[in-house]
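Peer 1: Residue numbers (our numbering), protein chains in the order written: chain A, 1 to 102; chain B, 1 to 102.
Because the hints were derived from the structure by calculation, they are not lab data.
Listed below are several chain A residues computed to face chain B (Cβ distance under 8 Å; list not exhaustive):
hint: 1; residue: Glu-46
hint: 2; residue: Ser-64
hint: 3; residue: Ala-70
hint: 4; residue: Ala-71
The calculated label-pair distances, taken between Cβ atoms and stated as ranges, are:
hint: 5; chain 1: B; residue 1: Ser-31; chain 2: A; residue 2: Ser-28; range: 38 to 44 Å
hint: 6; chain 1: A; residue 1: Met-1; chain 2: B; residue 2: Lys-19; range: 18 to 24 Å
hint: 7; chain 1: B; residue 1: Glu-78; chain 2: A; residue 2: Ser-28; range: 21 to 27 Å
All figures in this text were calculated on a predicted structure; none of them were measured in a lab. Ideal placement from N, C-alpha and C gives every residue a C-beta, glycine not left out.
In case you want the letters, here they are:
There are 2 protein chains.
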Amino acid sequence: MILVRQEVGDVLRDLRQQKGRTLRQVASRASVALGYLSEVERGQKEASSEIIASVAEALDVPISTIMHEAAERISVLEGLQTFPDVVPDELVASVEPELSLR
Amino acid sequence: MILVRQEVGDVLRDLRQQKGRTLRQVASRASVALGYLSEVERGQKEASSEIIASVAEALDVPISTIMHEAAERISVLEGLQTFPDVVPDELVASVEPELSLR
Chain A
1 MILVRQEVGD VLRDLRQQKG RTLRQVASRA SVALGYLSEV ERGQKEASSE IIASVAEALD
61 VPISTIMHEA AERISVLEGL QTFPDVVPDE LVASVEPELS LR
Chain B
1 MILVRQEVGD VLRDLRQQKG RTLRQVASRA SVALGYLSEV ERGQKEASSE IIASVAEALD
61 VPISTIMHEA AERISVLEGL QTFPDVVPDE LVASVEPELS LR
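Could you build all of it, start to finish, from the sequences and the hints given here?
Peer 2: Now the structure itself:
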């Protein structure tokens with residue numbers, strides 16, 4: 001089953017790392033517990049809408065960017081489910097390096 | 001504050017109505033309590049990733065479609081926050097009829 005929280009978590013982590021920020025910095029700026037943010041990034045906890053808004057602001061990224069990026073990744077995963085043989089390998093690799101572990 | 005659950009709820013309701021299905025039909029097919037789905041559609045409850053997956057399947061819509069559509073609506077709302085004077089009225093009206101009540 002494709003889980004939105006897994007993709008949203010991946011996107012939040014990727015955006016944070018692209019901006020060179022630590023979990024601690026973002027958690028502090030978003031007023032979110034560090035352990036909670038870490039669980040959200042790993043797709044282990046659902047982020048409430050308020051948390052997503054706070055983290056987006058802490059990352060200086062629009063909420064719509066997070067949602068669009070998560071939608072794109074989910075779209076590729078759904079393509080994989082429906083047409084497992086026609087999605088090019090390089091597209092799969094670019095979306096989710098640890099896909100095979102799921 | 002822009003809340004993802006509000007936009008996701010609106011999208012779920014719009015998709016359901018476009019397909020001419022009742023709350024009861026979708027709730028039953030998704031194995032979700034009717035009252036809960038109703039609250040999700042009204043943006044009063046966060047839908048878990050599992051619920052979103054079930055409701056998407058019950059609506060015969062990819063999860064990515066729901067996420068893309070919600071992202072689009074959030075993008076317009078964020079444009080309104082940032083540039084309140086440059087977003088055309090007709091665009092605002094098409095996104096969210098009850099925007100002025102928030």
